[in-house]
Amino acid sequence: QVRLVESGGGLVQPGGSLRLSCAASGIIFSLYVEGWYRQAPGKQRELVATITGYGSTTYADSVKGRFTISRDNAKNTAYLQMNSLEPEDTAVYYCNANAGPNLDYWGKGTLVTVSS
Numbered sequence: 001q002v003r004l005v006e007s008g009g010g011l012v013q014p015g016g017s018l019r020l021s022c023a024a025s026g027i028i029f030s031l032y033v034e035g036w037y038r039q040a041p042g043k044q045r046e047l048v049a050t051i052t053g054y055g056s057t058t059y060a061d062s063v064k065g066r067f068t069i070s071r072d073n074a075k076n077t078a079y080l081q082m083n084s085l086e087p088e089d090t091a092v093y094y095c096n097a098n099a100g101p102n103l104d105y106w107g108k109g110t111l112v113t114v115s116s
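Numbering (my numbering), first residue to last: 1 to 116.
Any given hint might turn out to be false.
[What the hints assert, rightly or not] Each pair of labels, with its calculated beta carbon distance range: (1) G15 to P101: 14 to 24 Å; (2) Q13 to A99: 31 to 41 Å; (3) G8 to G55: 13 to 23 Å; (4) D104 to Q13: 13 to 23 Å; (5) Q1 to K64: 30 to 40 Å; (6) P87 to I28: 15 to 25 Å; (7) L31 to P87: 13 to 23 Å; (8) G8 to T57: 16 to 26 Å; (9) L31 to S115: 36 to 46 Å; (10) D104 to A60: 13 to 23 Å; (11) K64 to A40: 16 to 26 Å.
[Said to hold, decoys possible] Keeping only pairs whose Cα atoms sit at most 20 Å apart, straight-line, the calculated EDC-like set for lysine to aspartate or glutamate is: (12) K43 to D61; (13) K64 to E46; (14) K108 to E46; (15) K64 to E86; (16) K43 to E86; (17) K64 to E88; (18) K43 to E88.
Simulated from the structure, these hints should not be mistaken for lab results.
As the structure is a prediction and not an experimental result, all values here were calculated from the model.
Here a beta-carbon is modelled for each residue, glycine too, at the ideal position from N, C-alpha and C.
Could you build the full structure based on these sequences and the hints that come with them?
Rendered as structure tokens:
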């Protein structure tokens, strides 16, 4: 059974930082592209960042220079370090593991609220 479990969300003031974690089980983690997505209230889910098993990364323009995605294949865990958070970053953040059209898995999400 495949499981992706996000953690690390919470309430933070503008300008603050959070680190999200995504613990995976039931898959050969290193073979999967790991991604972080987010969905703000009333908006569609959007891609935040991805990282391949070899460590190649991509970022949405809105988070470049502020967020860093990483992974530890030995721990089957992906991370999203979020710095200089803005109210516009408020959303539910979801972890995704993808190795093809029939190998696509999602976590249940973790809420990040940026507010003073």
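Hint-by-hint comparison with the structure:
no. : hint                    : result
1   : G15 to P101: 14 to 24 Å : 40 Å, violated
2   : Q13 to A99: 31 to 41 Å  : 38 Å, holds
3   : G8 to G55: 13 to 23 Å   : 21 Å, holds
4   : D104 to Q13: 13 to 23 Å : 35 Å, violated
5   : Q1 to K64: 30 to 40 Å   : 35 Å, holds
6   : P87 to I28: 15 to 25 Å  : 38 Å, violated
7   : L31 to P87: 13 to 23 Å  : 37 Å, violated
8   : G8 to T57: 16 to 26 Å   : 19 Å, holds
9   : L31 to S115: 36 to 46 Å : 38 Å, holds
10  : D104 to A60: 13 to 23 Å : 19 Å, holds
11  : K64 to A40: 16 to 26 Å  : 18 Å, holds
12  : K43 to D61              : 17 Å, holds
13  : K64 to E46              : 14 Å, holds
14  : K108 to E46             : 15 Å, holds
15  : K64 to E86              : 13 Å, holds
16  : K43 to E86              : 17 Å, holds
17  : K64 to E88              : 14 Å, holds
18  : K43 to E88              : 12 Å, holds
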